[in-house]
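Visitor: This is what each chain is made of:
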Amino acid sequence: MKGICKSFPGVVALDDVDLTLRPGEVHALLGENGAGKSTLVKVLTGAISRDRGDIILDGTPVEFSTTAEAANLGISTVFQEVNLVSAMSVTKNLALASQTGRFGVISWKKARQDAREKLKRLDLDIDLEQPVGTFSVAIQQLIAIASALNDNTKVLVLDEPTASLDAQETRALFDIVRELKSRGIAVVFITHFLEQVFEISDRISVLRNGQLVGTKPIDDISRGELISMMIGKELGEVESAFSRREGKEPGAEIVRAEGLGRRRTLQPCDISLHKGEVVGLAGLLGSGRTELTKLIFGAIKNDSGTMTVNGKQQLPNTPRKSINTGIALCPEDRKTEGLVGELTIRENIVLSMQAKKGWLRKVPFKEQQKLAAEMIKAMDIATPDAEKQVRQLSGGNQQKVVLARALASKPDVMLLDEPTRGIDVGAHAEIIVLIRKLCEEGLALLVASSEINEIVAVADRVVILRDRSKVGELVGQDVTRDAIIETIAGEDVADS
Amino acid sequence: MALAIILIIDAIIMPGFFEIRIVEGRLFGNVIDILYRAVPTALIALGMAIVIGSRGIDLSVGSIVAICGAVIAWRINAGDPHLLVFFYALLAGVICGMWNGMLVAGLGIQPIIATLILMVAGRGIGLLINSLYGGINPSFESELLQGMSTGSVLYIPTRLFAAAAVFFGLWLLIRRTALGLFIEAVGGNAAASALAGVNSRLITFAAYVVCGFTAAFAGVIMTADTHTSDPVSIAMFSELDAILAVVIGGASLSGGRIYLGMTVIGALVIQALTTSILISGLPPEYNLIIKALVVLFVLFLQSENARATFGLMFKRDVK
Numbered sequence: 001m002k003g004i005c006k007s008f009p010g011v012v013a014l015d016d017v018d019l020t021l022r023p024g025e026v027h028a029l030l031g032e033n034g035a036g037k038s039t040l041v042k043v044l045t046g047a048i049s050r051d052r053g054d055i056i057l058d059g060t061p062v063e064f065s066t067t068a069e070a071a072n073l074g075i076s077t078v079f080q081e082v083n084l085v086s087a088m089s090v091t092k093n094l095a096l097a098s099q100t101g102r103f104g105v106i107s108w109k110k111a112r113q114d115a116r117e118k119l120k121r122l123d124l125d126i127d128l129e130q131p132v133g134t135f136s137v138a139i140q141q142l143i144a145i146a147s148a149l150n151d152n153t154k155v156l157v158l159d160e161p162t163a164s165l166d167a168q169e170t171r172a173l174f175d176i177v178r179e180l181k182s183r184g185i186a187v188v189f190i191t192h193f194l195e196q197v198f199e200i201s202d203r204i205s206v207l208r209n210g211q212l213v214g215t216k217p218i219d220d221i222s223r224g225e226l227i228s229m230m231i232g233k234e235l236g237e238v239e240s241a242f243s244r245r246e247g248k249e250p251g252a253e254i255v256r257a258e259g260l261g262r263r264r265t266l267q268p269c270d271i272s273l274h275k276g277e278v279v280g281l282a283g284l285l286g287s288g289r290t291e292l293t294k295l296i297f298g299a300i301k302n303d304s305g306t307m308t309v310n311g312k313q314q315l316p317n318t319p320r321k322s323i324n325t326g327i328a329l330c331p332e333d334r335k336t337e338g339l340v341g342e343l344t345i346r347e348n349i350v351l352s353m354q355a356k357k358g359w360l361r362k363v364p365f366k367e368q369q370k371l372a373a374e375m376i377k378a379m380d381i382a383t384p385d386a387e388k389q390v391r392q393l394s395g396g397n398q399q400k401v402v403l404a405r406a407l408a409s410k411p412d413v414m415l416l417d418e419p420t421r422g423i424d425v426g427a428h429a430e431i432i433v434l435i436r437k438l439c440e441e442g443l444a445l446l447v448a449s450s451e452i453n454e455i456v457a458v459a460d461r462v463v464i465l466r467d468r469s470k471v472g473e474l475v476g477q478d479v480t481r482d483a484i485i486e487t488i489a490g491e492d493v494a495d496s
Numbered sequence: 001m002a003l004a005i006i007l008i009i010d011a012i013i014m015p016g017f018f019e020i021r022i023v024e025g026r027l028f029g030n031v032i033d034i035l036y037r038a039v040p041t042a043l044i045a046l047g048m049a050i051v052i053g054s055r056g057i058d059l060s061v062g063s064i065v066a067i068c069g070a071v072i073a074w075r076i077n078a079g080d081p082h083l084l085v086f087f088y089a090l091l092a093g094v095i096c097g098m099w100n101g102m103l104v105a106g107l108g109i110q111p112i113i114a115t116l117i118l119m120v121a122g123r124g125i126g127l128l129i130n131s132l133y134g135g136i137n138p139s140f141e142s143e144l145l146q147g148m149s150t151g152s153v154l155y156i157p158t159r160l161f162a163a164a165a166v167f168f169g170l171w172l173l174i175r176r177t178a179l180g181l182f183i184e185a186v187g188g189n190a191a192a193s194a195l196a197g198v199n200s201r202l203i204t205f206a207a208y209v210v211c212g213f214t215a216a217f218a219g220v221i222m223t224a225d226t227h228t229s230d231p232v233s234i235a236m237f238s239e240l241d242a243i244l245a246v247v248i249g250g251a252s253l254s255g256g257r258i259y260l261g262m263t264v265i266g267a268l269v270i271q272a273l274t275t276s277i278l279i280s281g282l283p284p285e286y287n288l289i290i291k292a293l294v295v296l297f298v299l300f301l302q303s304e305n306a307r308a309t310f311g312l313m314f315k316r317d318v319k
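Chains A and B are the protein sequences, given in the same order.
For the first sequence, the numbering used here begins at 1 and goes up steadily by one.
For the second sequence, the numbering used here begins at 1 and goes up steadily by one.
Note that these hints are calculated values from the structure, not bench results.
Just so you know, these numbers come straight off a predicted model, no measurement behind them.
Cβ coordinates follow ideal geometry from the N, Cα and C atoms, glycine included.
Each hint should be verified, as a subset may be incorrect.
[Stated by the list, open to error] 25 Å max Cα-Cα, derived SDA-like pairs, lysine to any residue:
hint : chain 1 : residue 1 : chain 2 : residue 2
1    : A       : K366      : B       : G169
2    : A       : K357      : A       : T344
3    : A       : K370      : B       : S252
4    : A       : K362      : B       : G261
5    : A       : K370      : B       : R176
6    : A       : K388      : B       : G169
7    : A       : K335      : B       : G261
8    : A       : K357      : B       : R257
9    : A       : K362      : B       : W171
10   : A       : K357      : B       : R175
11   : A       : K301      : B       : G106
[Claimed, not checked] To spell it out: a stretch of chain B is covered by chain A in this simulated footprint if at least three of its residues, at any positions, have a beta carbon under 8 Å from a beta carbon of chain A; those stretches are:
hint : region
12   : 178-186
13   : 192-198
Full structure from sequences and hints, please.
Guide: Quick look at the structure:
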């Protein structure tokens, strides 16, 4: 791709970007949200048209105006959200992508055959007649890749393929990526997980504000350098945000849960949260992190155990009751559980606080505006004003709104479930700084995260979960990356 | 945006009205007539706007009107004080709303199915009350209720005052308390609202109760107009007009927004269309088709896809 330019009304999304992909390489495309990654990929795959520039494939300039045309030429994409119809069978989904048949009539025999061949390319042996929705997200991802590949695929774009996969599934996916690579396919890999970038890619390209910052072989760059390329800040600044900080003595105990659990959700476990202390919650996807935060918050009903808040018995619990006693939750999934997309920033921020006050005592409009303005300033939310709909914000800014809403209800305890998932590195650092600041102000925080580096950076104490039960707790100096990984892996590591 | 579009449409329609009115020498007749006839639809639509804001829908409003009519005929002919009968009718609507709210919020049935139950059963209930206490389509006389429906105060029809009172009351309820914010939050994302501490179920329940109440109010006015309880044909298709009014008012059926004022304008647009077609001398057969075309046009202008296409065409013209 040479000299690609694309403008949207009012914004230059891509400014003279060059990108070269070599056969048989994994090329990671990096940048903060809004840097132009998605736009570049959409241009590359024909989803949107470019204003200027050329796309040259095997030495000849190519033109296409739809993703289907691009796929025929050999450029295929698997988009972030898996584009499959979950109620339809595997065969039907694959047939949707490339219809075979005569006179508009699909030959199911041929479709099944095609489907089998496509899946064979990825060594995927699954029941073709089962609805796609019954498979795990990882398998669905592979089905989507299978559906995107055809015989002459030269370039495969994977947009955030690992966003909802756990470590093992990610490894399986990477095996397939390596396999594709060995066949001479150029794989474009977009992700927010920097560790994965270093694990799989051969070269990286970094975009910032629509411009190419640089393309480098992965061996020539360190993690810190990469981040500073992405956010355009000095290396030292970046490293301090992500390095471990020595803790101090925690304050008084606020929440104490003993044997809190629910059958088939979480084995009974103990946890206590203290004033001015950050407790990290580590574990693989599905290990029970989200479940534990929701049990404490009362969004999942417990069937065993006791919990006290400030020394008072608090069970059975409900989200309303939790908020009233000063516990706030920032849920994992911003879109489905965190925010009301149609409402404005102001309304989202006020919601929890208003719920605490009850429907009769409305927070006056002036006060709402004032609060929203304060929060926007304190959190550095990038928005022209507080009346913008939340769904129009970027992921990082949405996460800040979720935090702002929780803070507006004046909690003593904040439960943060994956507070930095799917947001860019700049906002990531800001949120880590914010977590530390809240801790210094005397809040008790529980941070559940799949990123071990993040937990090491913020947590004074770490609770580790495996297979829906608590398997360990590390304090102070024992909190290291290796110690956490060892505890998560448990006997598996001992065996191997 | 929607306001501008509707005002433009009104502006296109109104001059036609105006001329005709001067020719016929009835200076204010038509405008008042439109307001007068739009009252029942507007009342139903107000409740509907709140239910739609909670990402629900209420198909049973026509049936609630029918039930109210039957209750009024029954109690008045039983000799109850007429003011009390008025409250009975409203109470009947509230109970209907509680039933819907219980099905939707309590049992988690999809709103369109849950309210379909009462939509089907409601007119039957009305007939049953009639046949038990009055016979087929019993009529009644009530100075109070008929006065409220067809009378006038200071040259202005009484029902306009009644409608304004309901509108103002709802506005207070929705915008002066946090109920509106909660309903919109639940309509926008029920799971997120619950985790933010909003009692989603109770809020959804409340939306249906309010809708039942406004439908009952409309029922009082419609029944008193004919002073007869006719459960089979009264308020036929009124649920569709109400939904249409809400949508013309700019709300989305996927919930999250309540526009009370715009909903009233939506109801007025529908009535203005009907009246203007009648006055313009077109055969009434055209009424429904033209109505459909105009509604299609309004929604077309509101559609984001259409706007994008128009925007593109406009841009090309400039070049």
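Visitor: Failing hints, ascending?
Guide: 3, 6, 7
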